[in-house]
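J.: With the hints as constraints, model all of the structure from the sequences given.
Going by the numbering used here, the sequence shown opens with residue 5, and the numbers climb by one from there.
FYI, nobody ran anything at the bench for these hints, they're computed from the structure. Some hints here could point you the wrong way.
Label-pair restraints from in silico Cβ distances [claimed, not checked]: (1) Gly-85 with Pro-148: 14 to 20 Å; (2) Ser-118 with Ser-49: 17 to 23 Å; (3) Asp-63 with Val-38: 16 to 22 Å; (4) Pro-148 with Met-122: 35 to 41 Å.
No farther apart than 25 Å at their CA atoms in a straight line, the calculated lysine to any residue pairs in the SDA-like style are these [stated by the list, open to error]: (5) Lys-18 with Ser-146; (6) Lys-18 with Asp-76; (7) Lys-18 with Ala-127; (8) Lys-18 with Thr-147; (9) Lys-18 with Met-122.
Since the structure is predicted, the reported quantities are computational estimates derived from the model, not experimental observations. Just so you know, even glycine gets a beta-carbon here, dropped at the ideal spot from N, CA and C.
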Amino acid sequence: MSTHPADTSRRYLKPPWFARVVGNRMAARFRPDVVWQLSVVGRQSGRTRRVPVAVLHHDGERYLIAARGQTDWSLNLAATGHGRLDHEGRTEDIEVTDVPVSARPPLIDAYLASYGRMPTVGASFRALPDPADHPTFRITRSTPRA
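T.: Structure representation (structure tokens):
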């Protein structure tokens, strides 16, 4: 039997029911220019999970930032290193690398400048101000699907 306590330090803001059930399904209809669908395999279930995300374009690179903290999608993406993005009828397989915490502040600033007015985004970063609480991934490879 382990004498080490379970890790309870996960910093995550669970979205309210309405945002989870209705908002996630409707997001792409209201902001199709911004909202992408990320599909990633669950690290425990092995099932593909799908979630709306906003892709940050910054200095010629693309990034995924978990605004709500250590979300399941970010933990799954960190575990697998790859996923799929769907946007406006196009699908691409992606590979990602984790961005070190020290390199996240300018990316978070750019993310907030682009998406901070979206419901709950600004509030999420105010509630979790530490860049370490926001997993951030650089998309290192993208392969369009036919």
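J.: Against each hint, give a clear statement of whether it holds in the structure.
T.: To see whether the hints hold, each was checked on the structure:
1. Gly-85 with Pro-148: 14 to 20 Å: Holds, since Gly-85 and Pro-148 (Cβ atoms, about 19 Å apart) stay within the stated range.
2. Ser-118 with Ser-49: 17 to 23 Å: Violated - the Cβ-Cβ distance for Ser-118 and Ser-49, about 32 Å, lies outside 17 to 23 Å.
3. Asp-63 with Val-38: 16 to 22 Å: Between Asp-63 and Val-38, where Cβ atoms are some 19 Å apart, the hint holds.
4. Pro-148 with Met-122: 35 to 41 Å: violated (27 Å)
5. Lys-18 with Ser-146: violated (29 Å)
6. Lys-18 with Asp-76: With a Cα-Cα distance of about 10 Å, the restraint between Lys-18 and Asp-76 holds, given a limit of 25 Å.
7. Lys-18 with Ala-127: Judged against 25 Å, a Cα distance of about 12 Å means the pair holds.
8. Lys-18 with Thr-147: violated (31 Å)
9. Lys-18 with Met-122: Answer holds: Lys-18 to Met-122 is near 16 Å, not above 25 Å.
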